[in-house]
Structures are given as C-alpha cells and as structure tokens.
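S.K.: These are the residues of each chain, in order.
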Amino acid sequence: MTLLRTQNLSAFYGDFQALFDINVSVEQGETVAIIGANGAGKTTFLRAVAGAIETAAEMVLFDGQPIGHKTPHEIVRLGIAMVPEGRRLFPSLSVEENLQLGSHSERTGPWTLKRVYELFPQLYDLRQLPAPALSGGQQQMTAVGRGLMSNPRLLLCDELSLGLAPVVIRDIYQCLGAIAAEGVTVMLVEQDINRALDASSRFYCFQEGRLALTAPTKNFDRAAITAAYFGL
Amino acid sequence: MATGSQSVYVERATKASRVFAFFAVALLVALVSMPWWGDAGDMRLVGEMAYYLALAQLWNLLAGYAGLVSVGQQAFVGLGGYALFYLTGPMNLNVYLALLIAGPFAGLMAIPVSFAVFRLRGAYFAVGTWVVSEVFALSASLIAVLGAGSGLSLTVPILREISPVRDVRDSILYLMTLAASLFVFAIVYLLLRSRHGLALTAIRDSEPASASLGVNTFRTKFIIYLATAACTGLIGGLIFLQKLRISPEAGFSINDWTVVVIFMVVIGGIGTLEGPFIGMLIFIVMRELLADYGTIYLMLMGAIAIAVMLKAPFGIWGWVVQRYGLQLFPVGRRLTLAPLEDLSKR
Amino acid sequence: MDWLNILIQGGLLGGFYALFAIGLSMSFGIMRLVNIAHGDLIVLSAYVALVVTEDTGLDPFSSLIIVVPVMFALGYALQRGLLNQTLSGGLLPPLLVTFGISIIIQNGLLQGFGAYDHRLKEGFIETASLRFPGGLSVGVYPLVVFAVAVFAIAGLQLLFYRTRLGRAFRAVSDDADTAELMGIDNRKLYAVALGIAMIFTAIAGVLFGIRTIFAPSAGPIRLILAFEAVIIGGLGNMWGTLIGGMVLGVAQAVGAALDPTWQILAGHLAFLAILIVRPSGLFPRTRD
Chain P
1 MTLLRTQNLS
11 AFYGDFQALF
21 DINVSVEQGE
31 TVAIIGANGA
41 GKTTFLRAVA
51 GAIETAAEMV
61 LFDGQPIGHK
71 TPHEIVRLGI
81 AMVPEGRRLF
91 PSLSVEENLQ
101 LGSHSERTGP
111 WTLKRVYELF
121 PQLYDLRQLP
131 APALSGGQQQ
141 MTAVGRGLMS
151 NPRLLLCDEL
161 SLGLAPVVIR
171 DIYQCLGAIA
181 AEGVTVMLVE
191 QDINRALDAS
201 SRFYCFQEGR
211 LALTAPTKNF
221 DRAAITAAYF
231 GL
Chain X
1 MATGSQSVYV
11 ERATKASRVF
21 AFFAVALLVA
31 LVSMPWWGDA
41 GDMRLVGEMA
51 YYLALAQLWN
61 LLAGYAGLVS
71 VGQQAFVGLG
81 GYALFYLTGP
91 MNLNVYLALL
101 IAGPFAGLMA
111 IPVSFAVFRL
121 RGAYFAVGTW
131 VVSEVFALSA
141 SLIAVLGAGS
151 GLSLTVPILR
161 EISPVRDVRD
171 SILYLMTLAA
181 SLFVFAIVYL
191 LLRSRHGLAL
201 TAIRDSEPAS
211 ASLGVNTFRT
221 KFIIYLATAA
231 CTGLIGGLIF
241 LQKLRISPEA
251 GFSINDWTVV
261 VIFMVVIGGI
271 GTLEGPFIGM
281 LIFIVMRELL
291 ADYGTIYLML
301 MGAIAIAVML
311 KAPFGIWGWV
321 VQRYGLQLFP
331 VGRRLTLAPL
341 EDLSKR
Chain D
1 MDWLNILIQG
11 GLLGGFYALF
21 AIGLSMSFGI
31 MRLVNIAHGD
41 LIVLSAYVAL
51 VVTEDTGLDP
61 FSSLIIVVPV
71 MFALGYALQR
81 GLLNQTLSGG
91 LLPPLLVTFG
101 ISIIIQNGLL
111 QGFGAYDHRL
121 KEGFIETASL
131 RFPGGLSVGV
141 YPLVVFAVAV
151 FAIAGLQLLF
161 YRTRLGRAFR
171 AVSDDADTAE
181 LMGIDNRKLY
191 AVALGIAMIF
201 TAIAGVLFGI
211 RTIFAPSAGP
221 IRLILAFEAV
231 IIGGLGNMWG
241 TLIGGMVLGV
251 AQAVGAALDP
261 TWQILAGHLA
271 FLAILIVRPS
281 GLFPRTRD
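From first to last, the protein sequence lines stand for chains P, X and D. Counting along the first sequence from 1, when you hit position 130 you're at 130 in this note's numbering, and nothing is skipped either side. Counting along the second sequence from 1, when you hit position 337 you're at 337 in this note's numbering, and nothing is skipped either side. Counting along the third sequence from 1, when you hit position 39 you're at 39 in this note's numbering, and nothing is skipped either side.
In case anyone wonders, no lab produced these hints; they're calculated from the structure. All C-beta atoms, glycine included, are put in the ideal place defined by N, C-alpha and C.
Far from chain X, some chain D residues (derived; all Cβ distances over 12 Å):
#1 Thr127
#2 Phe132
#3 Pro133
#4 Ala152
#5 Gln157
#6 Phe160
#7 Thr163
Covered by chain D, according to a simulated footprint, are these stretches of chain P (three or more residues, beta-carbon under 8 Å):
#8 69–79
#9 82–88
#10 91–102
With these hints in hand, go ahead and build the complete structure from the sequences.
M.R.: Take a look at the structure:
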C-alpha cells in the first residue's frame with residue numbers, strides 16, 4: 001500500500017526553483033533512501049513533504065490524501081515526523097523535555113517515553129541534562145526519539161550521519177533497523193551512500209533538483225549510481 | 001545569449017522622471033511666488049506641509065534607507081527649537097545666525113546620543129531613542145534658564161529682526177521654510193544618488209553581505225544619523241520660530257513630530273523618495289477633512305498604517321512601483337545595453 | 001538622606017516595574033515581538049477596571065475577575081488576528097503595527113473618556129503603612145504590589161518549567177521552525193502567550209490605577225519604564241527583570257530624595273548609564 005506519493009513536486013525558495021517535477025513513492029513498511037550531492041535538493045524535498053515549504057496540495061499525497069497545502073503541525077498530526085538535519089534539539093530543554101515535546105501532537109501508539117528509553121538506553125541516564133551537553137551521537141538519538149514520540153507512520157530522517165564518528169553512525173543505523181522492524185515507514189536522506197543503500201530497500205538519486213535515478217538497492221551497480229549522483 | 005561585443009552603460013533618468021521634472025519645476029515656481037498671490041493662511045498651511053515633508057524625508061532616510069528605525073527624532077526637533085530660543089533670547093544672537101547654529105547644534109548632540117542608542121538594535125533601538133528624547137524633555141523642564149516647565153517665548157524685537165512689517169515677515173518665514181525643505185530634500189536626494197546611497201541600499205538589503213564587501217556599515221549609519229539630526233534640528237528651529245513659543249511638551253512631543261511623520265512615510269511608501277510626498281498629502285487632507293471630530297483622524301491614520309504594513313508594506317508608492325515600475329526621482333542605477341553593433345559591417 | 005528608606009521605597013517600586021515588564025518580556029521572549037502598545041494596554045486595563053467598578057460597584061481588586069478574562073481575550077484576538085501576520089516580515093511590520101495600535105488605543109481612550117485624570121479607589125489600603133522599630137515606615141500597598149510581582153514571576157517560572165504549555169513556550173522561543181515541525185501550532189501558541197501576558201498586564205494596570213492617577217496618555221511612560229526594567233535586568237530572565245525594576249526604582253528614589261522633580265529623569269539616566277557600560281544588562285540569559 002502506497003503511504004506517500006509525490007506528483008510532479010516542484011518547490012521554490014522565492015524565485016529560485018529547487019525541485020523540478022519530483023515523483024517519489026514510498027510503500028508502507030519500506031525504508032527508502034534519498035541520495036545525492038550537496039545542493040541536490042534532498043533536504044528541500046523532505047521539508048516539502050513535512051510541510052515546511054509551500055507546495056500545491058496535490059503535489060504530495062499521504063494515504064491518498066493531498067497534503068501539500070497543509071502546515072507542518074497539521075502534517076505531524078496526520079502521522080509524518082521529521083528528524084531534522086543537524087538535529088535541531090531545543091537548547092533550553094532537557095533531553096527528556098525534548099522527547100516529551102515530540103508528543104505534542106497527541107497521536108497515540110506504541111512509542112512512549114519508556115519505549116524510547118528502551119531503544120536508546122544511554123538517554124535514560126542523561127535525561128535531565130540540557131540537550132547541548134550531549135555528544136553528537138547522543139543528540140542524534142534524542143532527535144530520533146523525539147520524532148518517534150509523535151507515533152508517526154512515516155519518519156523522515158535528514159542526514160543522520162552528519163558530523164558523527166563511524167562507530168556512532170553504525171549504532172544509530174542499527175536502531176533505525178529496529179524502528180523499521182516495528183512497522184514505521186522510513187524515508188532517509190543520507191550523504192554516506194553506502195550507509196543509505198545498506199539501510200534501504202529502494203533508493204532515489206537526486207541531481208540539481210531533479211530525479212536522476214531510482215531503483216531497488218539490492219545488487220545495484222554502484223558505477224551507475226555514481227554517474228547519476230554527479231550528473232555524468 | 002548575446003554574442004559579439006555589447007557595451008553597457010549606466011542610466012539614471014527614466015522617461016517618467018523627465019516628464020515629472022517638468023511639472024515639478026512648474027509647481028516650484030507657483031510655490032515660490034505664493035507671497036504675491038496667496039494669503040497668510042495659505043502660506044502657513046503650505047509652510048506646514050513643507051516642514052512635515054522635510055521631517056518625513058529625513059525619517060525615511062533614517063529608517064527606510066539606513067534601517068535605523070528611530071522613534072526619538074522629536075528630540076532633535078526640540079533641541080533645534082530650544083537652541084534657537086536660547087540663542088536669540090538669553091544669548092542675544094541675531095535670529096538668522098541662531099537658525100544657522102540650531103541645526104549643527106542638534107547634529108552635535110546626536111554624537112553622545114549615538115553612544116547610548118547604537119548599542120541597541122531593532123525595536124530596542126527604537127525605544128532607546130524614545131528614552132533619550134524623554135531625557136531631553138525632562139531636562140529642559142528642569143532648567144530655569146530654558147523656562148523650566150513653561151518654556152520660552154519669542155520676544156517682539158527678535159521678530160522685528162526679520163522684518164518690522166507683519167506681511168513681509170510672514171512671507172520671509174514662509175520662503176525660509178520652503179527653502180529649508182528644499183534644502184533637506186536636496187541633501188537626501190544627493191546622498192541617495194551618491195556612493196553613500198548605494199552603500200545604504202546595500203546595507204538595507206543585507207548588512208552582513210555589504211560589510212563583507214567592505215562597506216563600513218557603522219560609519220555610514222553614524223554619518224546618516226548625525227546628518228539627519230542636524231537637518232531635523234534646523235527644521236525644528238524654523239517650526240518654533242513660527243510658533244513663537246516653545247515648551248518641553250511641545251518641543252519634544254512625540255505625537256506632533258514623530259507619530260504623524262512615521263504614518264506619512266509608512267502610508268506613502270517607506271524606502272522611496274516619492275512616498276513621503278504622498279503620505280504628507282494624505283495626512284494633511286485627512287486632518288483638514290476630519291478636523292471637527294477630534295483626534296479621530298489620528299486613529300484613522302493609525303488604522304491605515306496598520307493595514308498598509310500588513311497588506312502593502314511598501315506603501316502606496318511602493319505599490320505603484322511594483323505595478324508600473326515608475327520612478328520619478330531617479331536614484332537607481334539601471335544597467336542598459338547599448339545597441340548591438342552590426343558585426344556584418346565590420 | 002535616609003538611605004534605608006530610599007532603598008526600601010525604591011526596591012518596592014521595583015515590584016511595580018517588574019509587573020509592568022512581565023507582559024513585554026513574554027512577548028519578546030516567545031514571539032520576538034517588542035509590543036510598542038504594551039504601556040497603552042496597561043492603561044487600557046485600568047480604564048476597563050474603571051468601567052467595571054463604576055457599573056458593578058465592585059472594588060478594583062474584585063473587578064479583576066472581569067478585567068483579567070477581558071484582557072486575556074483581547075490579547076489572544078490581537079495576536080491571532082493581527083500580530084501573527086507581522087512576524088515574518090522583518091523588523092518594521094511588528095514595530096509599526098504595534099505603534100499604530102498604540103496610537104489607536106490612546107486616541108480611542110481620549111475620545112471615550114476625555115483627557116481627564118482618573119483613579120481607581122481601593123480604600124484604606126492605599127495609605128496604610130506598617131511601622132517598624134527605628135522609625136521605619138513601609139507602605140502596605142507597595143508591599144502588596146511587590147508580593148504580587150514575586151508571586152507572578154514565581155507562577156510564570158512554574159508555568160514555563162513544569163507544564164506542557166511552558167515546555168512548548170520554551171521550545172518555540174528556542175526554535176520556532178523546528179517547534180512547528182514537531183507538531184506545535186505556533187500561531188495558536190503565540191495567541192495564548194499574549195493572552196497570558198495580558199493577564200499580568202491587567203493586574204499591573206489595576207494595581208497601577210489604584211496607586212496613581214491615570215489619563216489616556218499615560219501609556220508611553222509605562223512602556224518605557226517596563227522596557228528599562230527589562231534591559232537593566234537583562235533579557236530572557238524574569239527574576240533579572242525584578243532586580244532590574246528594583247535598580248530602576250532605587251535610582252528614581254535617589255533622584256526624588258534630591259528633588260522630587262528629578263525622579264523619572266534619574267531613572268532614565270541610570271538606564272542610559274547601564275546601557276553604555278553593560279549593554280546586555282545585569283543578568284542576561286537570552287540567545288538572540
């Protein structure tokens with residue numbers, strides 16, 4: 001069942017066009033990767049789906065319903081949550097408060113504070129600390145936990161690996177696997193191509209705001225990906 | 001894509017501005033000759049329009065171009081007025097000399113003021129300038145030689161220095177106001193046409209970007225603040241010369257000198273030279289039409305200013321520019337392509 | 001100069017200024033909006049209380065039962081209907097729109113009530129005083145106001161740090177865009193914020209109207225006093241605002257002791273001096 005589908009999605013920053021006719025679909029339960037070079041439009045795409053960028057209503061369909069015109073908070077209530085690029089934790093709030101903030105949309109589901117602490121046991125001991133006191137990896141876990149707290153059907157992850165050590169990245173992606181196993185559909189943007197392809201069943205490659213390539217990840221020819229990535 | 005050589009040159013005037021210049025000159029002639037065909041009441045009204053226009057142009061320069069939204073310019077109006085009264089009164093100076101000093105005096109006072117207020121930004125800067133104005137007003141009300149709370153009056157001998165004949169005096173004062181207003185407008189216009197004007201537009205568009213290109217943003221703003229203060233002081237001196245009395249409340253009145261000026265600029269079109277003209281005309285018309293209903297016209301102007309800010313933030317003239325691309329006072333620089341050389345003829 | 005008296009009078013006056021400042025501080029902290037009409041809203045509250053006391057015969061303290069909800073609703077409507085639209089336009093729209101509102105309120109009050117002075121009467125508490133050994137006499141009313149200020153700030157701190165709503169306020173203050181991405185309806189939250197700010201503004205207005213005569217033009221100076229308290233204390237810190245108010249009050253008391261006509265001026269000068277020497281205030285805590 002198609003959970004998310006974009007139809008000829010175009011997005012603008014003022015007069016500048018960042019996305020050109022993007023057609024992406026995500027089936028329920030899948031993990032889909034969006035890859036591409038810097039400036040290819042990956043984050044813009046996620047933000048458009050999350051409602052932070054204005055698009056025409058029909059350009060984004062969630063569960064068959066047009067949501068392109070809706071505000072970000074309405075979209076969270078429908079079941080799409082974002083783990084923003086750079087974490088964007090709230091510095092005045094403690095770890096636990098950041099997590100609790102995620103449940104503001106009052107969606108019900110399996111993800112509670114207890115469940116999140118089970119997934120990320122480190123965070124339990126750190127929960128009273130102000131968010132900026134944590135390491136990069138711990139902050140990333142908090143950001144993911146915060147997204148989960150809204151019990152989303154679709155989790156958007158923007159550059160989980162940004163600025164993190166390889167060991168930490170590995171741990172986070174393991175958790176991501178556990179999240180997907182619980183039935184959460186995931187769409188992730190990732191600069192680290194190998195990570196992205198290992199974690200997903202299908203991928204889309206963006207290049208300068210356009211869709212350059214899409215295919216199942218299994219056994220796909222890496223050379224073809226590189227060519228699409230750089231627009232060769 | 002154009003190929004071959006094409007030269008590019010910088011153009012200042014537009015077709016509309018040339019047409020407008022013609023009408024402007026005609027209007028100017030009419031205004032200057034008013035002492036000969038108008039009466040005292042007409043001259044008083046036009047004089048008022050002239051000094052409000054000057055104040056509006058100055059506030060526009062400060063807020064619309066330099067990004068310094070001051071809610072305390074009334075400080076310099078009062079300083080200029082008090083300087084005039086003090087110099088002609090207790091100091092016994094000639095009235096023309098006193099007028100010439102009033103402006104620079106206000107400009108000088110802007111220096112210590114800037115030490116305090118330039119520490120603040122945005123809306124805080126605005127309220128800070130207001131506090132400074134209150135400080136001047138309160139100080140004036142406490143200083144005996146300035147008449148304390150009741151203020152000072154202009155004595156008859158001072159008025160006689162301008163002219164012993166009432167009609168001649170009215171005409172001279174009117175022409176001086178007109179001249180000062182034109183002078184202020186000329187300064188604003190030339191400033192905006194100059195390199196400093198270009199710097200201002202750059203700062204207005206993006207302060208960090210322009211700073212990174214080498215524009216000295218602090219110095220530019222500082223100079224504009226001083227120049228505006230001095231011109232405002234000059235206008236203040238002229239205003240109170242004609243009012244014949246000054247008091248702390250009147251001299252430093254935010255309602256008289258700042259509120260209406262801000263509304264004029266905002267409604268007319270902030271950041272444009274044409275805007276203050278339109279705003280001033282709207283203000284005068286509304287005030288005259290609604291004169292019998294107390295301060296309703298102020299509330300109406302406030303409501304219109306709010307509506308303009310929300311729906312058409314660039315004001316009436318800004319809307320005209322967006323719609324028709326008109327510019328009557330050419331300050332922009334447009335790159336124009338010279339006609340293509342016919343390469344076949346080489 | 002009776003220094004103890006000056007310190008106490010001035011310090012208690014700080015309670016007043018802190019109460020004035022709460023609404024302004026909230027507006028700025030949560031919405032990044034400096035509400036130029038803030039002082040006029042304090043005065044408007046006093047006038048609303050005047051109408052309520054005259055129509056119902058309630059005393060001013062009791063009139064708060066009506067004045068507070070009225071002002072809450074006004075604040076909510078103002079933010080939701082008007083001010084929310086100014087937030088994305090940069091510096092000028094919020095400043096000029098609140099400026100316009102200020103002028104409308106002032107002139108509306110002028111048209112409605114005339115330029116006369118008014119006063120709310122609460123009776124004996126206005127002049128009662130407590131006597132302490134050593135000849136020290138402290139007014140009961142200033143003590144009450146100071147206590148109200150302390151409770152108000154403590155209450156707000158509780159709101160901010162122990163409630164879900166307060167968490168949302170802090171998140172939005174940190175990062176409004178991300179807050180929205182987490183499911184917070186910013187526009188409604190801002191409206192609630194101004195509504196709550198107006199609760200304190202209403203209380204401040206009524207308390208002020210009992211102590212001082214007021215007229216439609218009394219707004220601007222209240223804004224300036226509130227502003228000075230916030231800046232002296234340092235942005236982003238409510239307790240700092242209380243200290244800032246007390247510093248302002250003491251400066252004014254010193255000026256008044258030298259000469260009663262110097263009171264307000266002394267406060268302004270202290271403010272400017274602190275601004276020049278320590279521009280971020282005494283206890284700044286904000287990330288701007």
